[in-house]
Structure formats: C-alpha cells, structure tokens
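Start from the sequences, fold in the hints, and give me the full structure.
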Amino acid sequence: MEIAKKILKVKVNGRPYEMLIKPKTTLLQLLRNDLGLTGAKQACMDNSCGACTVIVDKMAVKACSVLALQVNGREVTTVEGLASRDGKLHPLQQTFLDFHAFQCGFCTPGKLMSAKAMLDENLHPNEEDIRRDMEGNLCRCTGYKQYIDAIKAVAQKKEGAK
Amino acid sequence: MRDFEYLPTKTIKEACSLISQYKEEGKILAGGQSLITLLRQKLISPSYLIDIKGISELNYITFDEKNGLRMGALTTHRAIEKSPIIQKKYNVLSEMEKSVASVQTRNWGTIGGNLCSADPIGDPAPSLIALSAKIKIVSSRGGKTIPLDEFFTDYFTTLLEPDEILTEIQLPSPVAHTGVVYMKFSTIEAGIKIVSTSISITLESDRRTCKDAKIVMSAVAPVPFNAKKAGNLMAGKKINDDLIAEAAQLASEETNPTPDVHASAEFRREIANVLVKRAIKQAFEKAKIA
Amino acid sequence: MLIQEKFLVKATINRVWEFANNPEEIGSCVPGCEKIEKIDERRYLTIVQAGVGPIKVRFKFISTITEIDEPKHIHLESQGADMGKAGSFTQKSDVDLREISENEVEVSYISNINVVGRLATFGERVMRAQAKKIGEQFIRSFKEKIEAKKEIKS
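Chains as they are written, first to last, in the numbering used here: chain L, 1 to 162; chain X, 1 to 290; chain C, 1 to 154.
In case anyone wonders, no lab produced these hints; they're calculated from the structure.
This one's a predicted model, so the numbers in the text were calculated from it and none came from an experiment.
Cβ coordinates follow ideal geometry from the N, Cα and C atoms, glycine included.
There may be inaccurate statements among the hints.
[Claimed, not checked] Heads up, simulated PhoX-like pairs for lysine-lysine below, C-alpha to C-alpha not over 20 Å straight-line:
hint, chain 1, residue 1, chain 2, residue 2
1, C, Lys92, C, Lys72
2, X, Lys42, L, Lys22
3, C, Lys132, C, Lys143
4, L, Lys24, X, Lys66
5, X, Lys42, C, Lys60
6, X, Lys89, X, Lys66
7, X, Lys211, X, Lys277
8, C, Lys85, X, Lys42
9, X, Lys88, X, Lys286
10, L, Lys58, X, Lys82
11, C, Lys56, X, Lys23
12, L, Lys58, X, Lys229
13, L, Lys6, X, Lys10
14, C, Lys72, C, Lys10
15, L, Lys9, X, Lys10
16, L, Lys22, L, Lys6
17, C, Lys56, X, Lys42
18, X, Lys193, X, Lys211
19, C, Lys35, C, Lys60
[To be verified] According to the in silico footprint, chain X covers these stretches of chain L (three or more CB under 8 Å from chain X):
hint, stretch
20, 43 to 50
21, 57 to 66
22, 84 to 95
23, 103 to 109
[Stated by the list, open to error] Pair by pair, the computed Cβ-Cβ distance ranges are:
hint, chain 1, residue 1, chain 2, residue 2, range
24, L, Ala83, X, Ile192, 34 to 44 Å
25, C, Lys60, L, Asn126, 56 to 66 Å
26, C, Ser108, X, Lys88, 49 to 59 Å
27, C, Lys38, X, Thr11, 49 to 59 Å
28, C, Gln79, L, Gly87, 29 to 39 Å
The structure is reproduced here in structure tokens:
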C-alpha cells in the first residue's frame, strides 16, 4: 500500500517552499536531500551530537529528530542563511574564523546555529550561560575553548554596540 | 525509518478518536524527541503517527493560589525552564529543566512526551513526584486523574492504555515551610546522569520537626523511585545529621539499580546515599526559611 | 553481557535434571516463550517474544547441547536473531546442579550473551534491564513449577 505523501509549506532562509513529501522525512533529510542545503550534518543516530542543529521560528532544534511535516507553516534558518546576500559573513562566522574556532568543521554549522539562537534570545550571556546553552553541540576536534571564546567575543561586541 | 501514515490533529477530541481507532498500530507524536529517535533506529514501526503538537489547547501554564499549577502536556521543557511563575513558585522545576538533555531537545520536546516515554533516568518525573504531581489522562472512553507516583510500572512502561493520551500535569499550591531540591551526579558535567534526586522536606511550624519528606530518585530502579520507607522514617522527627544519614542509608538500600556501562549497581547505590544526604540537608535549610 | 544466577530448588536432583532437559517444561518458565521444538537429540528450536515499553522483539534461535554430564552439568550454545531484524545474538551457557540434601538442589547458571545489531547499539541499557528481569521471572517460574509438581506427586 502506497503511503500518502503530504504537502509541506515552509520558509527556509527566507524563501517559501511548497512540496509533497513522505511523512517519514525528517527535517534534516528535507534540508539536505530535497533542498540541497548540506550545512546541517548527519552524525550520531541517537539525537545526542547537535551537528544537525538548525533554527525553527527562533528556536534551536536538532533537525534529525524533527519530522519535516512538523515545521509546516514555520520558518527555518540554516547556516546557509547566515551570511548576507552580498556575501558578507555573519559576525559569528567572522569571529569563528578570526578565533580559529573550528578544525574539521563538521560540527561548526550546528554550533553557529545554536550560538545564533542563544544570542538572539539573550543579549548578555556570561561564560556559564554560553557553556550551558552550547552543551547540545559536541565537538571532537577543538576541546571547545575556541568556540566559547569566539561566542563570548560576539556577545561582548553586541553589548558594546548597545 | 519505516513508512507510516501521518495524521495531524487540531483538537484533543480528534486525537482521541484517531488513537482509539488505531490503538497499538498508532503512536501519539508530540515533540518526538524520544519517538523519532526510536523510529530512526527502527526499534519501533507504528503504521500511524498521530501528531498532537498542533493542539494549542494542550500548551499552557496556569497558576492560582488555591488550585496550584496546571501545565498542558505539550508544554516544552524550555517553557518550563523559562516560565516566570514556575521560577517563582516551583523553582526546583526550572532548575531541574536546565539540565534536561540540551537546549535543542528542550525547545521541541514536551513534558507530556517525556513522562510517557518513561525513561528511568529521566529527571522531570522524580521532581514532579516530589512536588506531589497528579496527571490527567483522557481517551474517547472518558478521563481520569491519577498521582504521577502511580503512573510508571516498569522500564519505559506506564499505565497508559493504547488509546489514552496524557493531557495535563497538576501541582498543588506550594506548602508553607517546604524546601524542594534537585541534585544530580554525573562523571562529566554535561554527561549522562548516574543518579539524580529530588527531595521535598516540609517542616512543622517549629521549623525543626519534619512534617513530610519525599525522597525521589532517577536511574536507581526500573521506574522513578520514591523511597517511601526513608521518607516515612523522617516524618514526625526532629531533623539532625544522624536522622539525615539514616534516611539516606535507608533510601540507598531501597533502590534496585541496573548496572550499565556508565556505572555499576554498587556505585549507584553509594552515590544515591551521598546525594540524598546532601540534598536532604539543602532542602532542610531551604524549608527553614520558606 | 554476563548473566550469573544461583538459586535453591526443593526437589530431588533427578527431578530437577529431568525438568531442565524437558523442552516443554523449561520453555514454560521462559517469559514470552512461544515454542520450543526438539530438532534432534542435541538441538532445539526456540521462539521467544520479548519487549520493553514500546520495543518488541521476537527471537528465533537454535540451541545445541555440546556437553552433558547427567545429572550435574550441561553446556549449551545458542545462535539466533530477531525476526524483525533488530539484531542477532550468540549465547554460551553453563548450567550446574548440586545436591545439597535429598530434596534440595542448588541450580547455578552462567550465561554469556553477545548481541549485535541495532538492539545492541541503541538498546544496550534497555536490554540489560530486561535480561535481569527475565532472569528473575525465569527462576520464579522454575521453582514454582518444580515444587508444585512435587506436591502433586506426594
């Protein structure tokens, strides 16, 4: 018996999409396979590493553990949507580069999206806040310090700008 | 994962009707933070997924002094963590939620889904039991309210019938002279918890005698574990270090931990003893000034 | 996964041996046992249903008795898989009977079970919990059934 495909209407990085998909499609599969947005990564298979983190309606979520159909009518932001149209990097991306925050880069898109969601919600995170809110993004290369320092720097810049 | 039919619902009535139609062939989907993982690992394969995440009438936090707190089952962990009223009146919940999984899971996962997945290492359940929580369960056959303490029957198993849906969590209004504490132990700060405990101590007006003690632990038994003997030991007695040590020892003896790669049964028992002792002391101090 | 148990049964050693070697009687002690069938003198086919919470598995396996020392010792080896493809396993078990008195026997067994597949990767915690529970239920049933039979006989 053929399983009925369902209509999904979703905005991704500001662009509206309408597609027919199989219900078992996860948000991660939708982004990577159907939309060619391969920034979010598939890594752990048990909802623990955060390499697939994207932002849904301002909330950081793990795309591997969310059914695509559950974001019907919502807005999704991925790492591909961080830089501006003219190619200028988002402050987080630039600071990650400046601080040499990543090595292999596999966890980095997830880290960027978690950090963005956190900074959009909390303008003045201290180191404890940052460490706690970034707990869901594992990294095998860096030992985390460079990431934390980079995020702290962006947070302080934001505070300075106020 | 294997294919399934996807059925989104907008009302409780609709969801009840669908799940009573499909029973064991169907599964209720809320945030999916436990369910989707099981589906991806192909450990379960329901033919129908009934999505209730869109039922707005199940997403609320309300409080009044007389009836206490009412939370809809679809309240996310993050909402509990950040709720001003919960931070004010049931701060232990907000503190406990800060260390549930990760921000991403807390943003999408729901308290109802968490309770129904009945993981023995889950933290919300012991905290809610320590707060004397009740839950409301509905189906097309009717509804009932039961103490959360009675909900869990075995590893990953609850009293929920195949056609029932958990809709609400109820907490009584905070009681005077009560201190509630959540404490956890893990070998790595953000790692999997070895043991956690939620303890509620209510004092008599003399602020020394224990009126009621609830000692609840996770990861030491097939279900969230309410160490009733230890709690009863404390009731009616003046609290001092000896009583606390005795209660902690008794609580640890009551447990029945399963060993795994993270900890042996003996280690869990020992940690439970130490953790309960520390947490009772803290709860006692909190109760004195409450 | 190592499972080790020791328990006392109030029956004669011969009765316990007879019970342990009878597929129907032993099968009735295993929770979720759907069938045990003798293939030949040393081999049995067994289907057992198990599950915890929402996860259900159905194991089909063949057990071979490789060592037998009546009425004291059996060594058996099993190989099988979940019919829903959640995993497969191999198992080596030693069962020893020791006569304590004329009507009391100490049964001890050591089982070394090796599970591979999704059940092992994702279900490790759950499996251990279930193994413990199934072991406890098995011992309870074993004792009840042997000791009950004994009462009827006398």
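Violated constraints from the hint list, given by number and in increasing order: 4, 12, 18, 22, 23, 28
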